[in-house]
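Chains A and B supply the protein sequences, listed in that same order. First residue of the first sequence? That's 1 in my numbering, and the numbers climb one at a time after it. First residue of the second sequence? That's 486 in my numbering, and the numbers climb one at a time after it.
Because the hints were derived from the structure by calculation, they are not lab data. Be aware that a few hints might be false.
Said to hold, decoys possible - Looking from chain A toward chain B, a few residues come up when the C-beta cut is under 8 Å (computed):
# : residue
1 : Thr-173
2 : Gly-175
3 : Ser-180
4 : Glu-282
5 : Ala-385
6 : Leu-407
7 : Glu-439
Stated by the list, open to error - Some chain B residues judged to face chain A by a derived CB distance under 7 Å, without partners named:
#  : residue
8  : Ser-515
9  : Val-540
10 : Pro-557
11 : Leu-565
To be verified - Simulated restraints on C-beta separations:
#  : chain 1 : residue 1 : chain 2 : residue 2 : range
12 : B       : Leu-622   : A       : Val-367   : 27 to 37 Å
13 : A       : His-331   : B       : Gly-532   : 26 to 36 Å
14 : A       : Leu-127   : B       : Ser-487   : 35 to 45 Å
15 : A       : Leu-193   : B       : Val-570   : 32 to 42 Å
16 : B       : Gly-503   : A       : Val-413   : 20 to 30 Å
17 : A       : Phe-254   : B       : Phe-605   : 15 to 25 Å
18 : A       : Trp-348   : B       : Pro-625   : 31 to 41 Å
19 : A       : His-453   : B       : Val-514   : 26 to 36 Å
Predicted, not measured: the structure shown is a model, and the values here were computed from it. C-beta atoms are modelled at their ideal positions from N, C-alpha and C, and glycine is treated no differently.
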Amino acid sequence: MHVLAADALVTILFAFGGCLWGILGGALPGISPSIAMALLLPFTYGMEPIPAIVLLASVYVGAEYGGSIPAILIRTPGTNSAAATTLDGFEMARQGKGGEALGISLVSGLVGGLFGLAVLVLATEPLARLALAFTPAAYFALAVLGLSVIASLAGGSLTKGLIGAGLGLMIATVGTDPVSGVPRFTFASPELLAGIRPILVMVGLFAVAEMLVQIGEPPWAKAEARDTRLKLPGLAMMRRLFPAQAIGCGIGTFEGVTPGAGGTIAAFMAYNEARRWSKDPEAFGRGAPEGVAAPEAANNVVTATALVPLLSLGIPGSNSAAILLGGFMVHGLTPGPLLFEKAPDVVWGLYGGLLAANIAMLLLGMVILTPALWLVNRPKPYLLAAILCLIVSGVFAIEQSLFDVGLVLGFGVLGYLLRLAGVPVLPLVLGVVLGFMLESNYRRSLVISGGDHAVFIEDPVALVLLLLAAGLTLYSLWSEFRRKT
Amino acid sequence: MSRAADLALGAGALALAGAYGAMAAAIPVSLLSDAVGPGGVPLMIAGLMAGAGAVLILRTALVGAGEAKERPDHLRAAGLLGLMVLYVLAIPLLGYPLALGLLAAAVAWFGGARGPSLPFFAAGLAGFFWVMFVALLGIPFPTGALFGGH
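Using the sequences provided together with the hints, build the complete structure.
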C-alpha cells in the first residue's frame, strides 16, 4: 500500500514536472509540444515506464497552455495550435485585459483537457477490444491504412507524404532482418546492426531541424512585465463562455481522434464555429473572450483524444503522439490492443497522470506567468545554445555513443531539407515506428498462408482496411491533380 | 516550392529508390529466410518511393508546383551544423565540460550574443550540465585525451 502510494506520488511529481517543462517550452516561439517532448525523450531511458510516459504526456498538456502566453501577450503563438488564440487574445491584451485573456485560456484549457480525458478513457478500451480480434493480415492492413491516412492528410500533398513515409520505412529496415538475421543496409557498421532507434530520428527531425531554422530567424518579440497578473474568469463569465467551450470540446474530440488533423486545425475550426454560432459574431477579432475560449478548449481536448488511435490501434495521429509512442518503445511497450492486456497498469497510470497534469496546468498556470515571461525575454542566442547543449548531452546519455549524436545531426539535416522541400515529417516518423509492425505482420501472414497473397483478401478486416487505404489514396491523388489544374 | 525544387525532389526520390532497390536486391538470402526474404519488403518500399517520385515529377510537369512556405537562412544553418560537428570531433580530445562550454559559447556568439556575459554563460552552462549528467546521473562522458582521459 505504501509502495503504491509512493509510486503514485512519484507519478504526480513527474506530471507536475512535465507540465512545467511543457508550459515553459510552449511559451518559447519555435519550440512546439513535440520538440519539448523530444528534448525530454532521452532522459526517460533510465526511468520506470509509468513516470516516463506520464512525463512526456504532461509536457504535451502543459505546452498547449504555454503556447497561449506569447500568443496573447506578444501576438506570437508559442505553438502552432495557439495561432487561433492570437486573434482575440492579443486584442484583449491591447485593451488592457491580457490577464483576463490568460485566465480564460487557462480555465478553458482545463475544461478541454478534462473533457478529452473522459473521451479517452471511455473510447479507447472498447476500440482496443475490437482490434484484439485482428489477425497478422489485419495488422498489416492497419499499418498500411495508418500510413496512407497520414500521408494524405498530414501535409496537403499525397505524393510528398508518400515520399516521407517511404523514407521512414527505409530507415526502419536498417539493421538485422528480424526473420533470417541477415544484416540489411548497415554499410558494415556494427553500430547499425541493431537498427536505428526511433528516438534518434525524432530528436533530429524535430529538435535539431528546428534549431537549424531558428538560427537564421529574427529575435522573438519581448513581453512587458505589466501583463503578468492572471485573472481567472468568474461564474458569470464561465456561463458566457460555456457554449464556446462546448464547441471547442466537440470539434477537438473529432479532430483529435482523426489521424493527421491535430490541434491547429481543431483550434481554427472551433474559433470559426464559435463565431458562426455566436449572438455577436462581430465582436470576434475585437477581443471577444469566446474567441480565446473556443480554440483553447479545442487544442487541449486534442492533447487527450489524439491518444485514442495511439493507445487502441498503435497508430499515432500527430507528432506529439508519435513522440509518446517513442516513449513507449523505449520501455519495450507497444501501444495497441495488447497493451491493455500486457500492461494495463501503464494505461491507467497514463490516465491518472493526465488528470494530474491538467490539475498541474491550472495550479502552475496561476504562478508561472512571471517566470515564463522572463524566459521568453532571454536573448534568443543564449536559449538556442542551451537547447543545443541539452540535445547533444541527452542523446549521448542514452547509449554513451558519439555515433548516435552524429546520427541525430544527420537526421536534423534531413529534417531541414524536408522542410525546404515541403515534405511533411509525420509520415516519415510514422514509417519509422510502423515499419516493423508492417513488415513482420506481412511476412507472418504469408508464412501462415504458405506464401499465398490471397490471405489479405480472404481476411474481411484486412480487406476492408486495405480497400479504405486504396480508396483514400486514390481520392487524395485525384484531389491533388484537380486542385492544381 | 518552386517548380525546379519539386522536380528535384521527384528526381531525388527516384534516384534514392534506385540505389536502395539495388542494395535490397543484393541482400543475400539466408537458409532461415521465409518466402519473402530479407530483401522483399525493401524492394516494395523502393517501388513505393519510385512511384511517388514519378508521380511528383509528372504532376509538377503537368500542373506546376505549390507555393513556397519558408526560406530559412542556409548559410547560418550550415554554420550551426558545422559547430555541432566540431563538437562531436572535439569531445574525445577536450572532454565533455570543456567541449560543451566551447559549443555553448560558439553557438551563442554565432547567434549574435556579444559582451562580457558570454564566457560566464558558457562556463555556467557547462558546469550545470556536468553536474546534472556526470555528477548526478553518472553518465560516463569522455574526459578528454588531452587531459589523460579517454
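Going through the hints against the structure:
1. Thr-173: Cβ of A/Thr-173 sits 5 Å from chain B, so the hint holds.
2. Gly-175: For A/Gly-175, the interface hint is violated, since the closest Cβ of chain B sits about 11 Å away, which is over 8 Å.
3. Ser-180: 4 Å, holds
4. Glu-282: 31 Å, violated
5. Ala-385: 4 Å, holds
6. Leu-407: 11 Å, violated
7. Glu-439: It holds, given that the least Cβ distance between A/Glu-439 and chain B is near 5 Å, below 8 Å.
8. Ser-515: 4 Å, holds
9. Val-540: Hint on B/Val-540: holds, closest Cβ of chain A at ~5 Å, below 7 Å.
10. Pro-557: 5 Å, holds
11. Leu-565: This interface hint holds because 5 Å falls under the 7 Å limit.
12. B/Leu-622 - A/Val-367: 27 to 37 Å: 28 Å, holds
13. A/His-331 - B/Gly-532: 26 to 36 Å: 34 Å, holds
14. A/Leu-127 - B/Ser-487: 35 to 45 Å: Hint holds: Cβ distance 43 Å, inside 35 to 45 Å.
15. A/Leu-193 - B/Val-570: 32 to 42 Å: 24 Å, violated
16. B/Gly-503 - A/Val-413: 20 to 30 Å: 22 Å Cβ-Cβ, so the 20 to 30 Å window holds.
17. A/Phe-254 - B/Phe-605: 15 to 25 Å: Hint violated: Cβ distance 51 Å, outside 15 to 25 Å.
18. A/Trp-348 - B/Pro-625: 31 to 41 Å: Cβ of A/Trp-348 to Cβ of B/Pro-625: about 36 Å, so the range 31 to 41 Å holds.
19. A/His-453 - B/Val-514: 26 to 36 Å: About 19 Å separates the Cβ atoms of A/His-453 and B/Val-514, which means 26 to 36 Å is violated.
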